[in-house]
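2 protein chains.
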Amino acid sequence: MKIYFAGSIRGGREDAALYLEIIEFLKNYGEVLTEHVGDPSLTSNGDGGPADQYIHNRDLEWLQSADVLVAEVTIVSMGVGYEIGRAIEAGKKVLCLFRPEYGRNLSAMISGCPDLEIKKYTTIDEAQKWVADYFKRYF
Amino acid sequence: MKIYFAGSIRGGREDAALYLEIIEFLKNYGEVLTEHVGDPSLTSNGDGGPADQYIHNRDLEWLQSADVLVAEVTIVSMGVGYEIGRAIEAGKKVLCLFRPEYGRNLSAMISGCPDLEIKKYTTIDEAQKWVADYFKRYF
Numbered sequence: 001m002k003i004y005f006a007g008s009i010r011g012g013r014e015d016a017a018l019y020l021e022i023i024e025f026l027k028n029y030g031e032v033l034t035e036h037v038g039d040p041s042l043t044s045n046g047d048g049g050p051a052d053q054y055i056h057n058r059d060l061e062w063l064q065s066a067d068v069l070v071a072e073v074t075i076v077s078m079g080v081g082y083e084i085g086r087a088i089e090a091g092k093k094v095l096c097l098f099r100p101e102y103g104r105n106l107s108a109m110i111s112g113c114p115d116l117e118i119k120k121y122t123t124i125d126e127a128q129k130w131v132a133d134y135f136k137r138y139f
Numbered sequence: 001m002k003i004y005f006a007g008s009i010r011g012g013r014e015d016a017a018l019y020l021e022i023i024e025f026l027k028n029y030g031e032v033l034t035e036h037v038g039d040p041s042l043t044s045n046g047d048g049g050p051a052d053q054y055i056h057n058r059d060l061e062w063l064q065s066a067d068v069l070v071a072e073v074t075i076v077s078m079g080v081g082y083e084i085g086r087a088i089e090a091g092k093k094v095l096c097l098f099r100p101e102y103g104r105n106l107s108a109m110i111s112g113c114p115d116l117e118i119k120k121y122t123t124i125d126e127a128q129k130w131v132a133d134y135f136k137r138y139f
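Chains A and B, in that order, give the protein sequences. One point on numbering: in full-length UniProt numbering, the residue at position 134 of the first sequence is 134, and numbering is uninterrupted. One point on numbering: in full-length UniProt numbering, the residue at position 49 of the second sequence is 49, and numbering is uninterrupted.
I should point out that these hints are in silico values taken from the structure, not numbers from a laboratory. Please note that a few of the clues may not be correct.
Unchecked claim - Pairs of lysine-lysine residues, derived as BS3-like cross-links and limited to a Cα-Cα distance of at most 25 Å, are as follows:
# : chain 1 : residue 1 : chain 2 : residue 2
1 : A       : Lys92     : A       : Lys120
2 : B       : Lys93     : A       : Lys92
3 : A       : Lys2      : A       : Lys93
4 : B       : Lys136    : B       : Lys119
5 : A       : Lys119    : A       : Lys92
6 : B       : Lys92     : A       : Lys93
7 : B       : Lys120    : B       : Lys92
8 : B       : Lys92     : A       : Lys92
Computed from a predicted model, the values in this text were never measured in an experiment.
The shape of chain A in the complex, shown without the other chains:
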């Protein structure tokens, strides 16, 4: 099982610690291809070294090889939206995790998409329960 985890990088790193916790939990179910998204040393300037086209093509290859995309969608991110769009158009399974109390309005293109699941949560325990529930149902 290959899992692509998507979270904001250049859109803002406020949730990096949370991403790391979700990634650690996802490892119970398979290989997380995008472990660097939870790296606390990764700033909103991005991946540091590699050029953008290298990052895009590497991440796209991972996305294409993944069995499932799990996205934390609370922080607004163009890249996460792009990854969800490509995954849905390619017919992949997508689970979105969202914290409504953050005060953001989730895009209608995500919340209204009939081909993905969105689960709202407050604590990491709840997020883990939604992940466990999703993998139990689909895999």
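Here the structure of chain A is known, so what remains is to put chain B in place on it, guided by the hints.
Chain B only, in chain A's frame:
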């Protein structure tokens, strides 16, 4: 010629007046399906009346029927990212317009995507020149 214009709605409406100017210019080249994106009365709460799934399915149908996607990508928007991802995965032409002076880092998934064009601009005149250049080359 059918044109899908993408700009931020729930991600923030600071650029709504600019979207309107771009949309007006795009009308020289064809029908702009998403004219409401430039509506100054449309707030970041979204489309008001319709449910999210109605919005998603209506916009997706427009996107699927469009010959080209023109996206203003300066304000970070999950929906714009999603639309770009779906359009690229479906093999559609995509032109992105970006104002670097705004201080945001454009996502590597957009700036590094080899299947779209990104044009940087400062004034509406420059944006119009990039649009004119793009349509001249491709249509």
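### Hints violated by the structure (listed by number, smallest first)
none
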